[in-house]
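Since chain L is already given, all that's left is putting chain R on it; use the hints.
Protein chains in written order, with the working numbering: chain L, 1 to 605; chain R, 1 to 581.
Source of the hints: derived by calculation from the structure; they are not laboratory data.
Just so you know, these numbers come straight off a predicted model, no measurement behind them.
There's no promise every hint is true.
Said to hold, decoys possible - Quick look at which bits of chain R chain L covers, simulated, 3 or more residues with Cβ under 8 Å:
no., stretch
1, 203-212
2, 246-253
3, 432-442
Claimed, not checked - Residues from chain L that keep clear of chain R, each with C-beta distances beyond 10 Å, as calculated:
no., residue
4, Leu100
5, Ser104
6, Trp205
7, Thr213
8, Pro360
9, Thr388
10, Asp417
11, Glu470
12, Asp493
Beta carbons: idealized from backbone N, C-alpha and C, even for Gly.
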Amino acid sequence: MTVSIGSSGPGMGPAGALERFGGNPEGKPFDRRVALRLLAYLRPHWRRMLVALVLMLVGSGLSILAPYLIKVAVDTNIGGGDLPGLWRTAGLLVLTFVALFGVSQGQQYLLSWVGQRVLTTLRAQLFRHLQALHLGYHDTHIVGVTISRVISDVSVINELLSQGTVTLIGDALVLVGIVIVMLQMSPQLALLAFSVLPLMVLATWLFTRRAQTAFRETRTRVAAVVGDLAEDITGVRVIQAFAQESASEERFDRVNAASRDANIGAMTLSFVFLPAVEFLGMLATAIVLWFGGRLVAAEELTLGVIVAFLAYVSRFFQPIQELSQIYTTMQAAMAGGERVLELLDAPPLVSDPPSGAEMPRIRGKIELRDVSFAYRGSERVLHDVNLTIEPGQTVALVGPTGAGKTSIANLVARLYDVTEGAVLIDGIDLRTVTQSSLRRQFGLVPQDAFLFSGTVADNIRFGRPAASDEEVEEASRLANAHAFIDRLPAGYDTEILEGGVNLSAGERQLICIARAILARPRILILDEATSSVDTVTELLIQDALDRLLADRTALVIAHRLSTVRHADLICVVEDGRISERGTHDELLATGGLYWELYQRQFVNP
Amino acid sequence: MLKPESPILLRALARLRPYWRLTAGAYSGMLVATGLAVLIPQFIRFIVDEGIGGRNTALLQQSVLALLGLTLLKGAALYFEGRWTEIASQGVAYDLRRDIHHKLAALSFSYHDRSETGQLLSRAVQDVERVRFLTGRAVLRLTEGVVLAVATVTVLFAMNAQIAGLTLLIVPLLSLSAFHFGRQLRPLGLRIQRQLAEVTTRLEQNLRGARIVKAFAQEDAEVRRFDEANDRWFELSAQQAALQARNDPQLALIANLGTAAVIGVGGWLAIEGRLTLGELVAFTTYLGQLVTPVRRIGNIIPALAIASAAGERIFEILDAQSEVRDDPTAVPLPPIRGHVRFEGVHFAYFGRHPVLSDVTFEAAPGQVIALLGATGSGKSTIINLIPRFYDPTAGWITVDGYDIRKVTLNSLRDQVGIVLQETLLFAGSVRENIAFGRPGATLDEVIAAATAAQSHQFVMEMPQGYDTVVGERGLTLSGGQRQRVAIARALLKDPRILILDDATSSVDTETEQLIQEALTALMAGRTSFVIAQRLSTLRRADLILVLDRGRIVARGTHQTLLQTSGLYAEVYQHQVAEEQR
Chain L
1 MTVSIGSSGP GMGPAGALER FGGNPEGKPF DRRVALRLLA YLRPHWRRML
51 VALVLMLVGS GLSILAPYLI KVAVDTNIGG GDLPGLWRTA GLLVLTFVAL
101 FGVSQGQQYL LSWVGQRVLT TLRAQLFRHL QALHLGYHDT HIVGVTISRV
151 ISDVSVINEL LSQGTVTLIG DALVLVGIVI VMLQMSPQLA LLAFSVLPLM
201 VLATWLFTRR AQTAFRETRT RVAAVVGDLA EDITGVRVIQ AFAQESASEE
251 RFDRVNAASR DANIGAMTLS FVFLPAVEFL GMLATAIVLW FGGRLVAAEE
301 LTLGVIVAFL AYVSRFFQPI QELSQIYTTM QAAMAGGERV LELLDAPPLV
351 SDPPSGAEMP RIRGKIELRD VSFAYRGSER VLHDVNLTIE PGQTVALVGP
401 TGAGKTSIAN LVARLYDVTE GAVLIDGIDL RTVTQSSLRR QFGLVPQDAF
451 LFSGTVADNI RFGRPAASDE EVEEASRLAN AHAFIDRLPA GYDTEILEGG
501 VNLSAGERQL ICIARAILAR PRILILDEAT SSVDTVTELL IQDALDRLLA
551 DRTALVIAHR LSTVRHADLI CVVEDGRISE RGTHDELLAT GGLYWELYQR
601 QFVNP
Chain R
1 MLKPESPILL RALARLRPYW RLTAGAYSGM LVATGLAVLI PQFIRFIVDE
51 GIGGRNTALL QQSVLALLGL TLLKGAALYF EGRWTEIASQ GVAYDLRRDI
101 HHKLAALSFS YHDRSETGQL LSRAVQDVER VRFLTGRAVL RLTEGVVLAV
151 ATVTVLFAMN AQIAGLTLLI VPLLSLSAFH FGRQLRPLGL RIQRQLAEVT
201 TRLEQNLRGA RIVKAFAQED AEVRRFDEAN DRWFELSAQQ AALQARNDPQ
251 LALIANLGTA AVIGVGGWLA IEGRLTLGEL VAFTTYLGQL VTPVRRIGNI
301 IPALAIASAA GERIFEILDA QSEVRDDPTA VPLPPIRGHV RFEGVHFAYF
351 GRHPVLSDVT FEAAPGQVIA LLGATGSGKS TIINLIPRFY DPTAGWITVD
401 GYDIRKVTLN SLRDQVGIVL QETLLFAGSV RENIAFGRPG ATLDEVIAAA
451 TAAQSHQFVM EMPQGYDTVV GERGLTLSGG QRQRVAIARA LLKDPRILIL
501 DDATSSVDTE TEQLIQEALT ALMAGRTSFV IAQRLSTLRR ADLILVLDRG
551 RIVARGTHQT LLQTSGLYAE VYQHQVAEEQ R
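This is chain L alone, in the form it adopts within the complex (with noise of 0.2 Å):
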């Protein structure tokens, strides 16, 4: 009774394909350095790798012994009459399967232990890694990808890393001894038993080339079905909108059947490996029966060799059987291991400086001098931009999109640094302190309105997750929120559901409000807080922004020019430099390009 490894159910195989969404990058099966890279993750537990190794062996043995045992006493004791060596032998038959039983449970054991412990930690370093990326590399990477990364590529990987390795080192030992035994037994027959060796080399070699490009060709076809069933998911209102669910159906159909008959096709090449292999095998035991049946009438072998023969032949070729299963795992583990070494070698382009120096409280007065920034890239967005602004002070940035109004707010949170200048805030450079005290002392009232899942009151909480539910409703009534909070079914503890369906645009920027408030910020930016809310709501926020901006330095970005009028500042950001820069009354005068936005907004609209 061998330990039965790496059992295929669903997920494996190309069913575990389906669990990795997108992703572009296809490894070969065997890639030795991202192999030797996931190896390393074993290394803290290579003692209970080691032990499962030995329990292994020990098993391999155990297995091998309760044959001999039953043949001693069929032969011996029951042959010769012998009870009670027949029940000593039993008696030695039992203790060797209830052994058996344990070595295999705790081999099982270790290695799946290891498996899930190795994902565990691989999913945390990825995580803290995504947290340490800076913004940009959220911008620029999908998110159901990222996640596919963390969570299916991982699993992935773990299913070939702890189980595989042992099994590979484990199979390996066993078909050396098996060699050894054989070619001492008879070198003769040993030789003639190995000559379907290279036609099995082939056949595996035809496999392979093939089952490579079909296999990838189901993974980038199921990557289709979920990537088209997610659009249409996410669009399913427009498409009921526009009555044009057949079309959809249509569209779906199409991906939907390339996607099954790239799965028979892919598989069925499985199906005819597999029975090849498994017809070699059988011509080895052919050619065993053949010659060894020859050998034994010529005198020169005995029977026992032929029988023994018999079953190391069928043990060596079963290795090769497995191969097809578990080669897909393989290329798929292989693929999902590259892209996970290459999520975690995406450098964190903003880092602390290494003295760890903390942010001082801020009192609030900002310096921007001769900044230019270019994402990462791609051409310069900011050119020499010069802006100082005193502790307390509002100060507005308008114009047109893709001026530049954004960056600039980015760069003075530090959420990407700059590419030539400083950004000081009370004569302190940004890059000389640690991130974390420097936007702990931070606030942010975003555009998209995003709230996470969990509580209004989670949601409120989120800067300052100490605050009391006093604190809570205190920035609530400050933000002009209560009054919907307390309508809610649950009040504070109403579940917000994913993308915040159940609450409309302008109150999810009232619950940012809150946070902000909440937060107790030194520096605020608001990044055009009230653009998607109606003209008594934004009545409201109004109300709310100016309690909140009192005595404090804030960033306000805006469209609407009616709500950048009380600015202290008001900056006209325009191709990346600040072209005019005033009170709302002397920009006016001058008849610049803040005067023709107001004329467009206002006066002809």
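Using the frame of chain L, we list chain R on its own:
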């Protein structure tokens, strides 16, 4: 087709019905292959004993050739078993995905409001894959195991009923063990799945809110929360690993102890002379053959539980009743003029307070109706009721005198155009996106619509013009460009009733002006419902409805409302104040 309440597994298996010929073929292949798998080792023993042991070279030669022939036959049987099973089960998966897609496209907004995209996707992908495994290999292997086990037991009884009876004592033990295992594993498996969903959600939320997390310096707290969920997952998985690590060896142990008992008791009987040695040897061999199928059955049972849970989630979608669907007596709505009436309409979303109370108004063909009110006052709800995205809880809505619940959804929605603030484009070319509502439109028609929607110019500046691919995998359009493409999309559809949000928030002033011009072109000659954000719309409206907490608190034109509605005057004063400074 079986009824929804039939047991999940049966219902999943019933999905094989269209493929019953293939399935029958696959099972025949399995029976042949299984028979040969039992026969071939016996045949090898025969060759060893008679051919080699008996020094019979002629027999040896013939039987070795026969052995290879049998192996080829078995290979062929395995090939057809595998291929036909695969075709049938992939067919089942294809059908399920098609049905899920069909159902999701038909379910009303309120279903989609309650569901999360990720969950629906995982049902249509992973859960379908689990059910596919069930209808394919799982049940096939299970049947094979049962066939083998029954055949072996029959042979054992034929040989010696006494010892066979003894060995059969292990069968209840084996079943008990497998059953017990399945019962422990199933709830644990569900908990692990839920925990992994929790880990995924934490990650997803963190990624989507990356800017907020960073801006509020909450990375450490996020890491703690993630670790908590992740570690909990590990604990559960380690429990599962311990359980699974015991299952297979335990089944093997029970079977092995059976062998030991046969050796002991059978050996004793043999020594006593009540059993021949040959019989005993044959007995142990057959008993060894019983172990494999029983272990296989034991291993498949947990997979059945997993597939059953997956099937439950799939059928939950397929059984869902759309709250909005065609009435059996529904007739197609003929081409309309655009006369819309609301009569005492009430509406409440799931589990929330009423959002519309007793709304009554009338829009004559070609009129512009402006909706004004605070966030949550019910404006969006009113416009969602017109194309029947939801049905009112009470009251009724008519179009040209037709109750919209008595006409087919498609014929209604074909004549209603919508442009909302959050614009969704599909992966595809600009042309396909504009022609979304009328896939047969010519390029000239598409260009005409784009030109009227102020989009032609920027489309022509793109690398491949109208063939440029946009959406997630293509070129990214700015908010203002997306909005104009959506306007072109609605224009091309040429609807009689138009629903739109005139907010143009995320764009600069110049783009905003272009969008306003596009909207004006769109509204010309159509009955339009506008969520009004700007004065120009209010001034132009034939009827303004001022909403507060789901009620119409004032109605009239701009001029009359200035005199009669305090709320309206307040909003207006605010805007005017802004404009006169």
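>> Of all the hints numbered above, which does this structure not satisfy? Sort the numbers upward.
In response: 4 and 5
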